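> Sequence:
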Amino acid sequence: MVLPLVEWTYRSDASPLVDSHDDHSRGAPMRTVASRPLIILGGLLLLSAACASPVPDTAPEPDPTPGLSSHDETAAEVAAFLDQYLAAMDARDADFIRAASVDDGRFVWIEDGEVRYRSAEEILAGLNAFPADVVLRTELSNLEVVPLGGGGAHAWAAFTTMVGTGAGSFSFGGAINLVVERGAGSWKLVGGHTSSPAPAAR
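Residue numbers for the sequence shown follow the working numbering, beginning at 1 and rising by one.
Because the hints were derived from the structure by calculation, they are not lab data. Be a bit skeptical, because a hint or two may be false.
Have a look at the derived ranges for each label pair, beta carbon to beta carbon [to be verified]:
#1 R118 with D83: 37 to 45 Å
#2 D83 with A200: 28 to 36 Å
#3 G168 with P199: 19 to 27 Å
#4 P131 with E73: 38 to 46 Å
#5 V135 with F96: 16 to 24 Å
As the structure is a computational prediction, the values presented were derived from the model and not from experiment. A virtual CB, placed ideally from N, CA and C, is assigned to each residue, including glycine.
I would like the entire structure built from these sequences, with the hints used as guidance.
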């Protein structure tokens with residue numbers, strides 16, 4: 001900022017400073033004083049104010065968990081959620097399966113080239129098609145998780161599902177991918193897809 005050089009007049013009778021263009025008809029002797037000292041004083045005050053201004057704190061916030069990136073934290077949370085979800089599927093835990101799935105019409109599960117389930121209720125109906133005493137167990141391996149915007153994540157892995165034990169039991173497997181999102185205090189399944197390798201040609 002540039003302060004203008006203004007001339008002020010000083011009355012010799014110790015009256016206050018007055019503008020030099022003021023009425024001089026009072027007859028008191030006057031002398032003109034340039035206000036250059038005021039400019040210097042104003043500059044010093046501005047400099048002091050600038051030096052006293054606090055410097056904004058731009059340091060990044062520390063990670064909530066030292067040693068883990070947000071990606072690692074998301075991957076760990078999603079892996080834990082999927083473990084719980086698969087355990088609930090194996091146990092036919094209807095309450096958990098309902099609570100862990102979105103219920104706003106977005107849910108979709110695809111198998112073998114077609115949309116198979118559109119809600120948690122349809123998932124439960126598929127599970128109930130197995131006799132109650134048949135043991136189900138699904139395991140994942142080589143799980144990978146990629147965080148998505150808006151609190152979502154895309155996960156994929158190899159899977160193996162075992163149906164029954166002992167004589168007459170069987171298993172199948174392939175690839176699975178899932179889309180999950182962080183809800184109010186927990187993760188929820190939005191949808192997914194499984195596919196198994198095509199049978200070898202004979």
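> Flag every earlier hint the structure violates by its number, smallest first.
Checked against the structure, the only hint that fails is number 1, while the rest are satisfied.
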